[in-house]
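K.L.:
Chain by chain, the residues run as shown.
There are 2 protein chains.
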Amino acid sequence: MRAYDRLKPYMEKAMAIKTALTLFEWDNETLAPQEAGELTASVIGLLSGEYLEAAAGEEVEQLLARCEAEDAALSSEAERAIVREMKEELERVRDIPKEEYQEFARLTARSASIWAKAREEQNFAVFAPALASIIRYQKKFAGYRAQKGEALYDVMLEDYEKGFTMESLDRFFGLIKTHLVPFLQKIKTEGRRIDDSFLTGDYPEYKQEKLARFLAEYVGFDFKRGVLAVSAHPFTTNLHNKDVRITTHYTKRVDSSLFSVIHEAGHGIYEMGIRNDLTLTPVGQGASMGMHESQSRFFENMIGRSEFFWMPIYEKLRGLFPDELGEIPLEAFTDAVNKVQPGLIRTEADELTYSLHVLIRYEIEKLLIEEDMDVREIPRVWADKYEEYLGVRPSHSGEGELQDIHWSQGSFGYFPSYALGSAFAAQIYYHMRENMDFDGLLARGELGVIREYLRENIHQYGRLKTSRQILKDTTGEDFNPLYYIRYLKEKYGKIYRVKN
Amino acid sequence: MRAYDRLKPYMEKAMAIKTALTLFEWDNETLAPQEAGELTASVIGLLSGEYLEAAAGEEVEQLLARCEAEDAALSSEAERAIVREMKEELERVRDIPKEEYQEFARLTARSASIWAKAREEQNFAVFAPALASIIRYQKKFAGYRAQKGEALYDVMLEDYEKGFTMESLDRFFGLIKTHLVPFLQKIKTEGRRIDDSFLTGDYPEYKQEKLARFLAEYVGFDFKRGVLAVSAHPFTTNLHNKDVRITTHYTKRVDSSLFSVIHEAGHGIYEMGIRNDLTLTPVGQGASMGMHESQSRFFENMIGRSEFFWMPIYEKLRGLFPDELGEIPLEAFTDAVNKVQPGLIRTEADELTYSLHVLIRYEIEKLLIEEDMDVREIPRVWADKYEEYLGVRPSHSGEGELQDIHWSQGSFGYFPSYALGSAFAAQIYYHMRENMDFDGLLARGELGVIREYLRENIHQYGRLKTSRQILKDTTGEDFNPLYYIRYLKEKYGKIYRVKN
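So the protein sequences, as listed, match chains A and B.
Letter 254 of the first sequence, counting from 1, is numbered 1668 in this note's numbering, and no numbers are missing.
Letter 330 of the second sequence, counting from 1, is numbered 1744 in this note's numbering, and no numbers are missing.
Treat the hints loosely; a few may be bogus.
As the list makes no split between identical chains, a pair holds if one copy fits it or if it spans any two.
Calculated lysine-lysine pairs in the DSS-like style (CA-CA distance at most 27 Å, straight line) [unchecked claim]:
hint : residue 1 : residue 2
1    : 1512      : 1432
2    : 1799      : 1886
3    : 1512      : 1422
4    : 1730      : 1886
5    : 1666      : 1531
6    : 1531      : 1624
7    : 1531      : 1638
8    : 1576      : 1908
9    : 1501      : 1576
10   : 1903      : 1624
Keep in mind the hints are simulated off the structure, nothing from the lab.
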């Protein structure tokens, strides 16, 4: 019997438990009753312990070593990738004592509702102790792995985007600051004024929901294999490639849920496109968080915020909201949904200011992890940085450091992938435009061609390739952030009628 | 270290996996997308295998034997009950080969959607092959346990209601037939006519939902610890005593969801009332299926269908549906929701014909398990029995043998507990009436007193006591089905103004 065949049951067990944990997380964010937290967290803690044993038990370690030694016995690229991913996961968790691993799982399971409560009460102090514990664990866990003396934050970044460290991200964000901060200034002083007041109003929730379902389906989210629900913070998750779940939330701003849904549908379409032989294996998920965000941001921005996209469907939208949009021509609508407006909320930011929101989080994470900044400093530092980069200052924690769920889940090092993903998307976008009549396809509602291109080049592979490999194979060159700068300058230069 | 303390981690692991399986089942019935079934079933199969190992592994068996030998070392009634329940579960599953156990779990996970499809298409042939496999497995599993030569169906019955066998159930149903079939005839010929036409109409779904939430809360379902959702077949489940979930469905008949919700809330209140030290242990669930049904039927019928119950809230109901109920006086409404109408659908049956629906299922299950009747015979036998006992004949499988989900889940032996539960409820009801001003409490909306009585005498114990013990301790006598006969004759004699 091949070592791989003996390894497989462990892999399947680990994936089954991971799938159950994913379902608990989904349920927790979308449905579970208020007081369930503590007891459900104990269940999650126990299951996490089981996961740890299945993913990093002694026998798994031995079998993985044998698989690597018997490389020739691996019969496919998929098997090789599964062994590689399992090895990486083993290295991520092997040195974490089971007790600590379970305690951390319980802690993050409980933290979601603590964060939600703090956010509702606009009181950071409610969340601070849990956050301090989470950071303590995250540093400890990164410490177990940083055996070659890597910086702790670099270890964390590696989980979300392989091959990107503080050094490369500093360069990337430096480029963004150099180019976009003055360009943003120019738009504010020289650009024309855009009216977006009509996007806010009495848009009935049931109609927004109808629109959300229509748009998700229109961009290619398959409801036979997917679900749309409501949560405080929109997100996407999946049990496998035939059960993909997205959420949104409905507010007074119609564009908020509208682009949220297209964004999450982009994530969802990625997961639905992963090959059947990879799903429910460690290779059966997006190549990286950055590549995942590249797809959601591609759908949201390159597709969803294009005037060509709306041409075939704007009448339908107007028909749904005749009072609000009846008098608004298409161009005014697409201008409004692209209005540049330095604001406080990341998920509602325009594309130009978006990466500055991410930059702020990146800088604060560095302070927390590398400089041991006290969590109690976060509100002040957050507000100061928003003032510095965006010229706005939150009036309370709810629109400041409590707006994102990520830290409550222990996701440190995740945020940079939002900006990287946007940059990946721009690089892919320019390449696609060379190969197809992108605007024409949108204008004719032929999104299937675009989706098929993405599936063929990106989605199907899961983690068979890294994001850098995918970029190389798809666009013919390495990651090049200048496409992102160019994209933003061209797009907003045109909309605001300023030279860049 | 006590054997019990070494056993405990196995118990906790088994409960954690069982809780995950419960969540998958909930999700499957309420939300999961159509095409998820096959892959999710594979995950469920794997988790079931883990459950089997945690509940019936070799070490668990040894530890349980040691716990029984060291009975004095068990420090509480709860510990003793946990050992007893674990032992029983061990005996239930020990001899089932892991492969078969997992295959059966996958089969039932898939069967839910096969059943739903068959039901929608009103085509029993779609479901028949899956049902035949399920029955094959169930007989095989019962066979592993029937080592003292018990009848297979008796083994199955034992899972739902300890101490009830075909012999006692034949007696019980015999009593029902003897008393109720002629009484039903008398009502049809001598009773007055009751109009219930106004219950069917254009009752908007969003208002029905509002009413459902109001009623659930009014009878005591705590939404901080519970959830209400929609599913094809209303049901209740729970992860623990702080996460209890009920469902309903909305139709053209307003009383359908209305009493469904009160019924499921009754189940839910039972689960919410179980002691904190018992939840998430094998003792932390209702004493038996019969006792569970006694509580749901008690809430639905003794509470919910009483005119006193509606006195404080009927105006609210009328206010919600002024067009439909504005002209209907309270008494006409409560008469209508108690109208006797031999029909095809069990869950919509009045109390008097209800147990005849159950009897039919009981008789068919006996034929399938004990007489090896071919599943393809079911539609004909079903229709013949409905004609014989209720004078109606289904025109298609959807209103016949495909109406209930239970068989698709492998639940053979479950149905009798519906009738037993109704009989338990009647016995408890008469005892309560001797101890409190039951009608007065309902009329004053003081349901808390009734609920507290049930919690104190029944709910809190979980499985610490059997249903027979609970009946004895609560009512001072053994199970006595004559209360049930008396209850139905008194109630319907009064409503229909016939002597019994």
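K.L.:
Does each hint hold? Answer for all of them.
P.N.:
Status of each hint after checking the structure:
| no. | hint | in the structure |
| --- | --- | --- |
| 1 | 1512 <-> 1432 | both (16 Å within a copy, 21 Å between copies) |
| 2 | 1799 <-> 1886 | neither (35 Å within a copy, 70 Å between copies) |
| 3 | 1512 <-> 1422 | both (22 Å within a copy, 17 Å between copies) |
| 4 | 1730 <-> 1886 | neither (39 Å within a copy, 66 Å between copies) |
| 5 | 1666 <-> 1531 | within (22 Å within a copy, 39 Å between copies) |
| 6 | 1531 <-> 1624 | between (29 Å within a copy, 26 Å between copies) |
| 7 | 1531 <-> 1638 | between (34 Å within a copy, 14 Å between copies) |
| 8 | 1576 <-> 1908 | neither (35 Å within a copy, 77 Å between copies) |
| 9 | 1501 <-> 1576 | within (15 Å within a copy, 50 Å between copies) |
| 10 | 1903 <-> 1624 | neither (34 Å within a copy, 51 Å between copies) |
Hints 2, 4, 8, 10 from the list above are not met by this structure, while the remaining hints are.
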